[in-house]
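Since the structure of chain A is already known, use the hints to place chain B on it.
Chains A and B are the protein sequences, given in the same order. Position one of the first sequence corresponds to residue 1 (the working numbering), numbered consecutively onward. Position one of the second sequence corresponds to residue 1 (the working numbering), numbered consecutively onward.
Among the hints, erroneous ones may be present.
[To be verified] Here are the simulated lysine-lysine pairs, DSSO-like style, with alpha carbons at most 30 Å apart:
no.	chain 1	residue 1	chain 2	residue 2
1	A	K238	B	K56
2	A	K388	A	K238
3	A	K213	B	K63
Keep in mind that the hints were calculated from the coordinates and are not lab data.
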Amino acid sequence: MAFWDDIRKRGSSIALTTGEGEVLTYASLADAADELERHLDAQSIGRPLAFLLAENCPEAVAAYLACLRSGTAVAMQPSRIHAHLLASLIATYDPKFVILPRERASEVPSGNPRWSGGRYVLLETPAAPCAIDEQTALLVSTSGSTGSPKLVRQSYRNLAANAASIAEYLGITTADRPITTLPMSYVYGLSVINSHLSRGATVVLTEHSIAEKEFWNILRNEAATSLAGVPYTYEMLKRLRFSRMDLPSLRVLTQAGGRLGPELVTEYATLCRDAGRMFFVMYGAAEATARMSYLPPDRALEKPSSIGAPIPGGEMWIESETGQRLEGPDVVGELVYRGENVSLGYAICRQDLARGDDRQGVLRTGDLARRDQDGYYYVVGRKSRFIKVFGNRVNLDELEQHIRAQGIECVCGGQDDKLRVFLVDATRTDTVLRFVEQLTGLHRSGFEVKVIDAIPRNESGKVNYASLS
Amino acid sequence: MESLSLTLDQLGDALAYNSVPTWDSVAHMAMMAALESQFDIMLETDDIIDFSSYNKGMQILAKYGVEF
Numbered sequence: 001m002a003f004w005d006d007i008r009k010r011g012s013s014i015a016l017t018t019g020e021g022e023v024l025t026y027a028s029l030a031d032a033a034d035e036l037e038r039h040l041d042a043q044s045i046g047r048p049l050a051f052l053l054a055e056n057c058p059e060a061v062a063a064y065l066a067c068l069r070s071g072t073a074v075a076m077q078p079s080r081i082h083a084h085l086l087a088s089l090i091a092t093y094d095p096k097f098v099i100l101p102r103e104r105a106s107e108v109p110s111g112n113p114r115w116s117g118g119r120y121v122l123l124e125t126p127a128a129p130c131a132i133d134e135q136t137a138l139l140v141s142t143s144g145s146t147g148s149p150k151l152v153r154q155s156y157r158n159l160a161a162n163a164a165s166i167a168e169y170l171g172i173t174t175a176d177r178p179i180t181t182l183p184m185s186y187v188y189g190l191s192v193i194n195s196h197l198s199r200g201a202t203v204v205l206t207e208h209s210i211a212e213k214e215f216w217n218i219l220r221n222e223a224a225t226s227l228a229g230v231p232y233t234y235e236m237l238k239r240l241r242f243s244r245m246d247l248p249s250l251r252v253l254t255q256a257g258g259r260l261g262p263e264l265v266t267e268y269a270t271l272c273r274d275a276g277r278m279f280f281v282m283y284g285a286a287e288a289t290a291r292m293s294y295l296p297p298d299r300a301l302e303k304p305s306s307i308g309a310p311i312p313g314g315e316m317w318i319e320s321e322t323g324q325r326l327e328g329p330d331v332v333g334e335l336v337y338r339g340e341n342v343s344l345g346y347a348i349c350r351q352d353l354a355r356g357d358d359r360q361g362v363l364r365t366g367d368l369a370r371r372d373q374d375g376y377y378y379v380v381g382r383k384s385r386f387i388k389v390f391g392n393r394v395n396l397d398e399l400e401q402h403i404r405a406q407g408i409e410c411v412c413g414g415q416d417d418k419l420r421v422f423l424v425d426a427t428r429t430d431t432v433l434r435f436v437e438q439l440t441g442l443h444r445s446g447f448e449v450k451v452i453d454a455i456p457r458n459e460s461g462k463v464n465y466a467s468l469s
Numbered sequence: 001m002e003s004l005s006l007t008l009d010q011l012g013d014a015l016a017y018n019s020v021p022t023w024d025s026v027a028h029m030a031m032m033a034a035l036e037s038q039f040d041i042m043l044e045t046d047d048i049i050d051f052s053s054y055n056k057g058m059q060i061l062a063k064y065g066v067e068f
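If we strip away everything but chain A, and leave its shape as in the complex, we get:
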């Protein structure tokens, strides 16, 4: 049985605690999910689609589980998603149900309240029945920061397999108490919840960020044992002088969501070794549910720039541009992954929800990589034009199109945590800064505008991205 069907049997163990007064046992979490589940019976043929605006709170976890348990396909969105983006996604996918914080209910004018519990309400809309493939459990954003309607379709099998695999290599037990540092609507944040609930651990759910005093008080009071971070989290922790903090309960740190430089990996791996902690560098993608590989903590100092080896049940290899497997060590090609956690495919519109398994268990990652003699992998570049800014994936081509649609000639480039927009017309600088800030929700420190004389192009008229830096 999958972990979401299994929660009740863990009875009086604590499943969730907020550190601010709310504590739910596995049995009470099952009760909360059951209660909501009774209202997810769409009066229509076919499986319903629900949108869930998920804060890191017990109501959202219960709602997520209710969807999984009742066979309601659920699209996870950040609780602070911009009203325009939410409206546009709802218009695209026309969900039967929307589960969201009470104060945002008015943003779904077609929704009738069917149930409310705690801070959350369940709205039912007059949406027509929708054909949804029977394997589809979850829809997650791939490039949330550019507001694309593109969602990754994940199956029940994907979720169960990835949670089990992660729980296995992290060695999760009922004694573990991860504290949330990432939103539940983000696949890495969700994978922390899934993998720990699958092993009967206690998740410390908080919306507080590591920049707030409350976070550290909760971590200490709740004796949290692990935390997860994207590269930016680790840079913030460094500024907060994490090495000098007294956190006796903390045993495990995990890192994913983009490349952490080898200097920082070495620094954290050393700190963790000296403090008797484990530091896991990991690699994954929403298209693979969450996780594809991990670097065992005892290899981190030896191979600080490696993404590690495939997770239990997964397989990786390198392919040439013509699709040939490249077997030798240190040959660069596209990184390809096979495993039960490879998602079904994408959806960009409601009709796509009827699609089945497009990928058949194989994911071409778009990352260029090599493998060393010991079987560890190294990402050396990207085939596709994505960067990560503070953990948010930014599709450079998509962003470029959005800015050009405003009548502004531009090219987007840059690297992780530094998005660059190149402009020819210097007078539009402020307009572009504001536009990018509003569209992506990224902080100004994550991007800059540079003025150039002309957009560099090659003979065939294609933009020469390599010449811009």
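Relative to the frame of chain A, chain B by itself:
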């Protein structure tokens, strides 16, 4: 102000962490870095995580000898 993309009239007693959409954790750390370089100070961890509002921030900066 620039760290949070705020206008002058938004500064004041009511300004606090998460009270405006632009003051999130990323902006918080950028603001701390800007304050450190502007006033040539080195904030302690406790002060960085305690810097939760405009007023609190003023008290903390005063501790470092910053005057307004």
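Tested hints:
This hinted pair checks out: A/K238 and B/K56 have alpha carbons roughly 23 Å apart, not beyond 30 Å. Distance restraint check for A/K388 and A/K238: the Cα-Cα separation of roughly 19 Å lies within the 30 Å cut-off, and the hinted pair is therefore satisfied. With a C-alpha separation of about 18 Å, the suggested pair A/K213 and B/K63 falls inside the 30 Å cut-off, and the hint holds.
Consistency note: the structure conflicts with none of the earlier hints.
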